[in-house]
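K.L.:
One letter stands for each residue in the lines below.
Protein chains: 6
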Amino acid sequence: MFDVVAFGEAMIRLSPPHFMRLEQTHTLDVVVGGGELNVAVSCSRLGLRTAWVSRLTDNPLGRMVRNKAREQGVNTDYCLWTKGDRIGLYFMEFGAAPRASSVLYDRASSAIANIRPGEVDWGKVLNGARLFHVSGITPALSRSAAEVTTEALKAAKAAGCQVSYDLNYRSKLWSAEEARRIQTPMMEYVDILISTEEDTKVVFGISAQGTDDKSFTDVKAEGYKTVAKALQERFKFRAVAITLRRTITVWRNGWSAIAYDGKRFYEDVEREVEIVDRIGGGDSFSAGLIYGYLKGDLDYGLKFGNAFSALKHSIPGDLNWVNVDEVEGLMKGSGSLRVQR
Amino acid sequence: MFDVVAFGEAMIRLSPPHFMRLEQTHTLDVVVGGGELNVAVSCSRLGLRTAWVSRLTDNPLGRMVRNKAREQGVNTDYCLWTKGDRIGLYFMEFGAAPRASSVLYDRASSAIANIRPGEVDWGKVLNGARLFHVSGITPALSRSAAEVTTEALKAAKAAGCQVSYDLNYRSKLWSAEEARRIQTPMMEYVDILISTEEDTKVVFGISAQGTDDKSFTDVKAEGYKTVAKALQERFKFRAVAITLRRTITVWRNGWSAIAYDGKRFYEDVEREVEIVDRIGGGDSFSAGLIYGYLKGDLDYGLKFGNAFSALKHSIPGDLNWVNVDEVEGLMKGSGSLRVQR
Amino acid sequence: MFDVVAFGEAMIRLSPPHFMRLEQTHTLDVVVGGGELNVAVSCSRLGLRTAWVSRLTDNPLGRMVRNKAREQGVNTDYCLWTKGDRIGLYFMEFGAAPRASSVLYDRASSAIANIRPGEVDWGKVLNGARLFHVSGITPALSRSAAEVTTEALKAAKAAGCQVSYDLNYRSKLWSAEEARRIQTPMMEYVDILISTEEDTKVVFGISAQGTDDKSFTDVKAEGYKTVAKALQERFKFRAVAITLRRTITVWRNGWSAIAYDGKRFYEDVEREVEIVDRIGGGDSFSAGLIYGYLKGDLDYGLKFGNAFSALKHSIPGDLNWVNVDEVEGLMKGSGSLRVQR
Amino acid sequence: MFDVVAFGEAMIRLSPPHFMRLEQTHTLDVVVGGGELNVAVSCSRLGLRTAWVSRLTDNPLGRMVRNKAREQGVNTDYCLWTKGDRIGLYFMEFGAAPRASSVLYDRASSAIANIRPGEVDWGKVLNGARLFHVSGITPALSRSAAEVTTEALKAAKAAGCQVSYDLNYRSKLWSAEEARRIQTPMMEYVDILISTEEDTKVVFGISAQGTDDKSFTDVKAEGYKTVAKALQERFKFRAVAITLRRTITVWRNGWSAIAYDGKRFYEDVEREVEIVDRIGGGDSFSAGLIYGYLKGDLDYGLKFGNAFSALKHSIPGDLNWVNVDEVEGLMKGSGSLRVQR
Amino acid sequence: MFDVVAFGEAMIRLSPPHFMRLEQTHTLDVVVGGGELNVAVSCSRLGLRTAWVSRLTDNPLGRMVRNKAREQGVNTDYCLWTKGDRIGLYFMEFGAAPRASSVLYDRASSAIANIRPGEVDWGKVLNGARLFHVSGITPALSRSAAEVTTEALKAAKAAGCQVSYDLNYRSKLWSAEEARRIQTPMMEYVDILISTEEDTKVVFGISAQGTDDKSFTDVKAEGYKTVAKALQERFKFRAVAITLRRTITVWRNGWSAIAYDGKRFYEDVEREVEIVDRIGGGDSFSAGLIYGYLKGDLDYGLKFGNAFSALKHSIPGDLNWVNVDEVEGLMKGSGSLRVQR
Amino acid sequence: MFDVVAFGEAMIRLSPPHFMRLEQTHTLDVVVGGGELNVAVSCSRLGLRTAWVSRLTDNPLGRMVRNKAREQGVNTDYCLWTKGDRIGLYFMEFGAAPRASSVLYDRASSAIANIRPGEVDWGKVLNGARLFHVSGITPALSRSAAEVTTEALKAAKAAGCQVSYDLNYRSKLWSAEEARRIQTPMMEYVDILISTEEDTKVVFGISAQGTDDKSFTDVKAEGYKTVAKALQERFKFRAVAITLRRTITVWRNGWSAIAYDGKRFYEDVEREVEIVDRIGGGDSFSAGLIYGYLKGDLDYGLKFGNAFSALKHSIPGDLNWVNVDEVEGLMKGSGSLRVQR
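Residue numbers (this note's numbering), protein chains in the order written: chain A, 3 to 343; chain B, 3 to 343; chain C, 3 to 343; chain D, 3 to 343; chain E, 3 to 343; chain F, 3 to 343.
Just so you know, these hints were derived from the structure itself, not from any lab. Nothing here was measured: the structure is a model prediction, and the numbers come from that model. Check each hint, because a few of them may be wrong.
Heads up, the list lumps identical chains together, so a pair's fine if it works in one copy or across two of them.
[Unchecked claim] With a cut-off of at most 20 Å between alpha-carbon atoms, the simulated SDA-like pairs for lysine to any residue come out as follows: (1) Lys-126 <-> Tyr-80; (2) Lys-203 <-> Met-333; (3) Lys-174 <-> Ser-111; (4) Lys-203 <-> Arg-343; (5) Lys-203 <-> Ser-338.
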């Protein structure tokens, strides 16, 4: 019986060391990551019983993905295995101003894209679960992946568990119109919607007031309150949370978030983050929000998610190798930036 | 105007360091390789003017492949570029007895598989060329790749250049029957056939006399003379060359080759090779044979190819970073195994 | 409900790269290992439901140990955690003839040495288990660790599960006399005794006939049959298995094993192994023997264990990243040493 | 027939990883670089047909230099080869405030220092070329290298191609007086002079107005307009371009440039650059300026050069692994600093 | 005959590369460090004849510690050796805002903790010495280590050499009360007390005026003058020096120091330091202060120490691989942050 | 007062990792080595008080050389320092059969080549010394280096210390005739001559009987007895020692030595060595011979040198990181090749 069940793809991430361009590198660092897996791993690290559902190719790469989930205490018993297809890859280049970091996907024809409705025993894995999590990447993978996402959302509702949904728009996978058309009906099953300041605009056409800076270098929390409110009102979510990234340079960002529950807004401090690896920052926010929400309330979830994900930016890889006590230390402000001995 | 033109796929090779299993690794070493590219690079290193023809995706991985060819002096002006498809990958695990080294391909949907007849200006690239080289991997990639292979073979004949063909059977790409059916008509354009002791058996059903050792741990040159003879007689090749690998352990092999020109057999010493990386060993033999054959005769080609490819086994990566004077030194037997100062 | 439950210490292993001496190194490779954990991991990889019981310090090193067990599917829910003590370390130097590989232990005061009887709920973890495994290292760690070992052995018998015991003598931890005095009463609970040709002599004073070569460079299976027989007769084991290592050089060994069940002897081929990392070779034999014994019989267990552990020698780290199909391939002799594509 | 021909030395660069001091390091990262080669590589990457002329020792290091030029599509057919002399080396230490990065040259007696007039067939390599590029490093290498530089400049004029000259003063190679004495007569052949704010002062004694800050931490574009104007007026250059580096810390610089064509000044935005490796930043500006100037006009060249070289600072090594579309993206300001997916 | 003699523990430091968490790493970088050894090494690099006294285990780790001291010219002839005990270790994690760097000690039962009064021939090693240095870490290691510290302090006085004492409070080793109780009587032997702004508060309860910021992000020199004065007045030190760290982020600090000799205050500029590795920054200040004080006076010592330790922050490892001329260059302000060629 | 004083050059050695060719590498491993320094380091490790005399450039590379000598306890106080010249480099490629390992020297114009008679205070450094060691490399460096070698040899005789001389012929530095002409008069000062089977033939024209195998793959101890005898008789050495390397493959050698004192021959077992790095193997023999000879007699020296240098082959770098007890363990034959725990 799990607290949290997540569903989605995980890929092998290959990244050149030390700011090398992919074209020039001679070695690649290997980690595993993917939106929903990142959330599941974080939830497990925070002490929630967590399962991750996916479809994997039975080869060393598929086993590596499964292993990395298990390493963090995530249950993988409900993953499907195939001898065919492939494990998706992505190549990650770390940048420095004025060169942004960039991602090259090589994820076509991955095993999860060929998942079919009826293959996962949702009733069993969701039995007694408190929350089901999925992001907008999963339905973008293929038509059948979208069908299975809907199947899972319905099963979650049937099982009486809440649903959190991270909008996570990926323009390489589908158009904004497709994203809107396919995801809009899904929203009725969603309790908690999580998004960035960019994705709400692209997918649902809801913009922050007074924000026309295309490069999002100066993101104001105030402006995004109207976005959260508009989303909540349209879809009647229990909660909407939006992460706010202020891109000072590639190596330094301001990081905060807001939430809205239909009644009031919740805010937190903005933290300056020195960026080692920002991939998975948003997923860490989702996980921290889920943890705090399940343990306390939306306000605690927002603050926990914000602190937890701020810490993520300092850690290489997609996963957030941080512990509860470190998050609480940061939230209490007791943590100085001096060496902890 | 080129001495040698080669046509085929090159992939990004990703290999765990220090005998790690792919499933356990945290980094991957990156090199570029592919049968015909390996031959082209070796020919260029040996001083022949060489071009390599392929179809590549215009992204960092495609540029990396092109760059590595250029680095070695191989002309890539006749490569086709696409914004779509992908660059094939393969994962290489280095083993130790009793664990063999192994390869995991992830090459489906690569750019060259979608090459179409008429896209390459064979007349131009082959104009004045002395030799065209291709291997059995290229027609195995896709139906259209096979059609372009045939197109190239015909163009080569029309341009008056000789053709060398390395049988290079890949069971992951096609069945033995397909390989036989599709390649048999190609053989009429082939002047020099190169093969291993295994592939002739699998593809053309021609076995070495008195060899029933499935693991090929004791390969005898004598037995393979009948194979070379049978091949030559069936297809009327100008020359047949067969590499002979005696697999003592994973780290030690005996390595030799024989050739037959319809009149007499050519043999060379067997060398004990300490194996750093045997991928590309056969391609080095092809290149050395081509070089020696074009510069001298089949006998010189056989001996040059044998020495050149023996040296390849000591070098990491698919490519043979060896120079003509080092090959000649080994052929003369002047090279002791002591430190060269 | 587990098939196999193992109990013992795991350490962080730190080893200089590329044959460096510890005194000269600038980096250390980090893996996790320990006799019983190695067995548990192998059993899990082979498909058995497996738990590992230990006592760990709740810090990043303790979590790393736990994570690496979980990564391989081993259940760690029954491990005890403490804020105090430490995680044992060991430093591993890889050698080359005539310099043997060597190990420097830094394991004093580790968390498991302070384990106390009554702390582990043996009844629960062993409930329904088929086999309990422990090695002679665990009782050697401390007086209380020996007491808990006895407690576990009794609980195993009470739960109706078989017991396998690897003698694994460590002279740094206790004297031969202590080892004999403390372990002799434990033997009554043991069904399957596993040992090397050296340890039976040191601990129980039982030598192979006609073996007086101190350096064990020429180990004969025949001679060790008398050892197996003497052990079985003295302690009435269901089975005795002895691994036989022929140390040709540091990089090349001959590797085999024999077993005896009180009625007949079981033998297998000797395999030449090229040694990447022989630590954990014996543990792999234990795991393979357990797997084969539980799935089939002692004969199958011996052969499976022998093949499985031969493969281990080719893999860096204490753990055996090999799969069932690879072991079966080697046992069938179908596996040549050529590149597997 | 080339668009751009460059002439100069390239060295093997050896740098300790991760901010290590040279005295303390155990490994060195190896790249190839040199002012004019860096310019040639960038021109080639930007799509110009480019040749690089030098003199190289025929050993693995000389071949490495040649290979790295070829890898980027630079023609090396006109390089001279010798069995003697050596390839110059330089050791690069990366710093952090308040420790500046530093370079230790070991370039004495390199092959190019022994180049002699008459050895290069300038008429052939420059035939039809649009631009010849050289920097003040080349004539500083030796008396004969200076003679060959003059020979090349004259040949360029004779061939009707423009000349760009980067002042690039190196105090380790010659004194300011020598630099002035030898380079002054060369200026009559130069169309485009490129310099830093420091070098114009040292070599030609022309300072920016109102700048007496020796550490160049606050460089004002305005002040340097008078420098550009004075240079243009003295030597009648078609264009003068000056790069402006504002050294905030070692890891952060402000980066801009100005140009003057005798009629008007051209300026561009200052970009904050996060510095991975600033070696080659100036050479990238030269190349970008040349590209933009040849494709468009001085204004476009200045802006292109400024953007292209800002990106260089984010890339390890001397070479600028950036593509035209990335430069254009940055120039259009469309490039946010967020992850590009 | 030595200028400076230091006494204390050195450990093997193991740190994950590239901001990895210890829990996630696969390799560890190895260096040697320890407060008093760091001071000794710096003094030796600056040209002082220096000895370091400790107690070491005679194994590869103990020899590594000794070697690294010798490498820097530090005399180790007076170190004691034992076959037992162990060399202490510490694990270092490098952070990024908002995650501070952190240290995990594994130093219990180290060889120096078992040092006994009478074992070191203090009369011999201190004969003719100008200064004896120790820090508050040494007496914190064990009761007997504290006794030997007192023994050494008395011997230093007897030998007529001055004593510098770095307060260096380590809460993992002892409580503030213990630190105060044991160190207070030692203060009578101390000529120069060195401390941070934090430690004086914790150990002696003396706070900076107007400072209640627990995270020490804004440290004012003015406030700490009262601390220095209070310390000097209570213990009658010849000099008190306090380092002042302004923690802007983890990667950027402001760094300065003040000193007081009972008559006047000495101050220096604050430098912005980009932090590669701040461990050993304080020890470098001590060494620079000692050097400057012995060569000149307290004012020169303060400025030299401040510049020398600012440079330390840019260098990986505990040791300060900087030379006298580089420190003097920085002090003169002649050093720009541009590449030094 | 030293037991052993050695004189010669040390270089920075740069070697590609993992059998890479120099032309293809991206990183270089850095160690320090040189014939006489290697001997000095080994003598110091074995417990002899040892000094090394050389001339070094005062830059990071020169300091690195000095540091590495000091790290091993070798006194460097008598080294001369210059601001000019350079530190010699050599590039080392590790091979695998049939590719031999190879060395590319870049040592011209090094600091020691410009050493001048009268600069070293030989009287002081040799005062009370027991043995002076030099090899044939030192006089080969330059005319003045040869003069200083003679100066040192005379000073050694005057100081009453014995002289050991390793013939160490380097064909890149001088011709065989020069080597003979310059070294023949030096021989009168030599007590112990050390050579390989090759160098005696090349320099003094003395060959082993019955050896005409140019590749030295089968070296017989018997044949070399005549060489040792002829050398001793011609020059009246107290002892002649010849190392005998049987080159089975690049990775496996047989290694032994003989000695002759004018009366009888001394021999030892041949050991099979697995080769990690054979550079410095001969120097280790010299050091072990010196140690054993000074501690015991020629017989003990021969056996100690043979065992000590056999162990060297297993260790990366020029230096022999082995301890006395390990050598004695190997000599007693107690050392099995099993893991030492």
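K.L.:
Please go over all the hints and tell whether each is borne out by the structure.
P.N.:
Evaluated hints:
In the homo-oligomer, the alpha carbons of Lys-126 and Tyr-80 lie at most 20 Å apart inside one protomer (9 Å), although the nearest pairing across protomers, at 25 Å, exceeds that limit. With identical chains, the CA atoms of Lys-203 and Met-333 are never at most 20 Å apart, being 30 Å at best within one copy and 25 Å at best between copies. Taking the shortest alpha-carbon separations for Lys-174 and Ser-111, both the intra-copy value of 14 Å and the inter-copy value of 18 Å come in at or below 20 Å. For a Cα distance limit of 20 Å, the shortest separation of Lys-203 from Arg-343 across copies, 17 Å, qualifies, whereas the shortest one inside one copy, 45 Å, does not.
Proximity of Lys-203 and Ser-338 under a CA criterion of 20 Å is satisfied inter-copy only: 16 Å between copies versus 37 Å inside one chain copy.
Consistency with the previously given hints fails for number 2 only.
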